[in-house]
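S.K.: The chain contents come next:
There are 2 protein chains.
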Amino acid sequence: MEDGDPTLRLRIFDLNCWAIRYLSKRRQERVQLIGDMLRQDGFDLVLLQEVWSEQDYSDLKGKLRGCYPFSHYFHSGVIGSGLCIFSRFPILDTLLYQYSLNGYPYMLQHGDWFCGKSVGLIVTKISGIIFNVYVTHLHAEYCREKDVYLPHRLVQAWELAQFIRHTLTAADVVLLGGDLNMHPGDVGIRLLRGWTGLRDAFAEAARFEGCEDGCTLIPNNCFTAKTELLPFPQGVRIDYILYKAISSVTVKCEELKTTTGTAPGMDIPFSDHEAVMATLHIQRQGQAVGDNLGTAEPMLVDVVTETRTEVVVGLRAAQRQRYSTGRMAVLALLLLLLQAVAALGALAGLVAGQPFPKLSFSLLAFLAIGVLLLATGLHLFHTMEVKMLQGTEEQMRMALRALQERPSDG
Amino acid sequence: MEDGDPTLRLRIFDLNCWAIRYLSKRRQERVQLIGDMLRQDGFDLVLLQEVWSEQDYSDLKGKLRGCYPFSHYFHSGVIGSGLCIFSRFPILDTLLYQYSLNGYPYMLQHGDWFCGKSVGLIVTKISGIIFNVYVTHLHAEYCREKDVYLPHRLVQAWELAQFIRHTLTAADVVLLGGDLNMHPGDVGIRLLRGWTGLRDAFAEAARFEGCEDGCTLIPNNCFTAKTELLPFPQGVRIDYILYKAISSVTVKCEELKTTTGTAPGMDIPFSDHEAVMATLHIQRQGQAVGDNLGTAEPMLVDVVTETRTEVVVGLRAAQRQRYSTGRMAVLALLLLLLQAVAALGALAGLVAGQPFPKLSFSLLAFLAIGVLLLATGLHLFHTMEVKMLQGTEEQMRMALRALQERPSDG
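Chains as they are written, first to last, in the UniProt record's numbering: chain D, 1 to 410; chain S, 1 to 410.
In short, the hints are calculated from the structure, not lab data.
One or more hints might be untrue.
Stated by the list, open to error - From the structure, some residues in chain S lie toward chain D, with a derived Cβ separation under 8 Å:
| hint | residue |
| --- | --- |
| 1 | I91 |
| 2 | L92 |
| 3 | T383 |
Stated by the list, open to error - Listed below are several chain S residues computed to face chain D (Cβ distance under 7 Å; list not exhaustive):
| hint | residue |
| --- | --- |
| 4 | T94 |
| 5 | F366 |
| 6 | M384 |
| 7 | G391 |
As the list claims (entries may be wrong) - Far from chain D, some chain S residues (derived; all Cβ distances over 10 Å):
| hint | residue |
| --- | --- |
| 8 | E228 |
| 9 | G261 |
| 10 | V371 |
Yeah, the Cβ is synthetic: ideal placement off N, Cα and C, and Gly gets one too.
Just chain D, same shape as in the assembly (with noise of 0.2 Å):
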């Protein structure tokens, strides 16, 4: 398309590609595979999660030069972000917000922690069209019935929401891409929207073609925990391609299409998740088109109180971790104070008849030096996550004042 032409039709791809070193069955060949299509199939945008080893990256961004001359890989944490975007357009800014709950770093089993969630931000000018692009990740759904990380995902469904809504005003379209972990109506998604003002591409979509209701974790892809799917039997939709136009622009979707499990022509699939592909139709206004942030205040008002019950949730769990590591970590020094004392006794009073062992002794005051920098440190960190928690709750409570205050000025 041309500068100046009021019409854009732009093709997107997201995917959480899955892609963990050591882990992630057949990566490399998963990798090459998605690089190929990439290359065959001529996206505008892509957007990609989990790229957890650069050496994937360096390779994706070799083999894509010719098409996607703009890449960007967002650092965080000790492993990366894992997110990366490639562009047909050149990318003219970038910035990255880090996420202040994480799940928990001795959760070693559900390694969120260690990737540093986040979101990414570019900007791009397509034909005269400023689009600021989002790509995120979300903490994992582990457990849906008793999913303990549920205050995290909220606060940062919240940070994502918050971030968006302070950054977008210098565009004229908004994309964000990702894998929410979160399905269509849970409250943390229809916070996202509400608060944003999102469309989703799949609600929208003039044509779909892809897994029933959308889905992008599906009993059907060889690499599914199927045991995790079993409540689900169509499987169930966590990654979304959202959009939103702020100036004078139009945005609609035309189609939307996901894999089906194996990749096109293939024996396997790119991931453990479907790829999510939206054709955007994008129009230039005459005049500004108002900028309606999301959903209607009643409504927002219920979600955003919603979501702070859950918040208040978590809130009461880690205030009650922070107290039992608080109170471990007394007991340990505690110990460690009574053996200071018996091995002064020992040393004043008996030298040559030794009355403890001096072994399990030493071994005992190991141990509870160990108990006590282990407490500690959980401690602190539970206490942050206490501190966190409340910051966002008040966020929300001023949020909902405001919206409370002012019904009329949506």
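Dock chain S against the given chain D, drawing on the hints supplied.
M.R.: Relative to the frame of chain D, chain S by itself:
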């Protein structure tokens, strides 16, 4: 001033309060003094840093409720961000951005790492004019000659500038107050001002009253460390109020004041820093004023290049530390393996005869485990540091390319 009146006079107060529990001298007394003065003196916006104790914040909030009915404390890190804002006008929204680097956890004597340095943003609307008010505190400078924290502070200055640039567009006026820990000519200040277009209230002020050259850390203050100020007999200026008009508004600094050691009418200063107080004159214009994003481009290229060079120096140092901590971890692991082999050999071959003294053997093993854990932790930390420095360096390279490719598109 009435809504609709085209001019507005705004009084802003900024102070690093040095209110660290147990560590800061005469803390409670000084916090009380600060509260009394703020209540008497009737500013419009009060930006405070280093209010580390939430109790102090609550006390101030209680005392200032009458004249500053709106306030916000920015939670972050274990202790909090220390940042808070009091306002005569409703706070409509808030956002906190945490810097990705902030010193080293093992530099306990320079506790910066634990304090979660960040930038807080509040949005407020005064007489129909939207203000984005930022408050921040960058990493301290402990030794100007050999400033190992310079790369971290420059990453923070860059992230601060990027955060402001991406969030300012909905505002009519941008205000930034805080302890930037940089002298006026330092590369980080030049970067921040050049990249955002913020103006220095001290340099622009029509009238000035206070310490010579606007210094905010002066030998005349009984709480400052005199040895650190030896090279600067007049003191240094590291606390700033910066501002910028975005849309159809002009901002002028009518007056800038600083405190001068002791608080007016008292025998002690408010803090070890001097307070900065600006009176701004804000006028609505008929038509939009060109949004000049900062310094002329050739100068901007120079300052970004200079910053990038310093970031690369930091990157090299971080890479060296990542390597040496990794080597240390491997050595500790080898020692442990060696011990395990020896112990197994002893168990298998000569169960009766004990070739090693048990106590020193187990102490050595515990030592090796300790070193292994510590070195691994540090290795992970420096890996993260390397990633963040690399990421910033890449962003700066992208910015330079954009600046150089479009020299006329300021």
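S.K.: Does each hint fit the structure? Answer for all of them.
M.R.: Do the hints match the structure? See the list:
no.	hint	result
1	I91	7 Å, holds
2	L92	6 Å, holds
3	T383	5 Å, holds
4	T94	6 Å, holds
5	F366	5 Å, holds
6	M384	5 Å, holds
7	G391	3 Å, holds
8	E228	29 Å, holds
9	G261	35 Å, holds
10	V371	14 Å, holds
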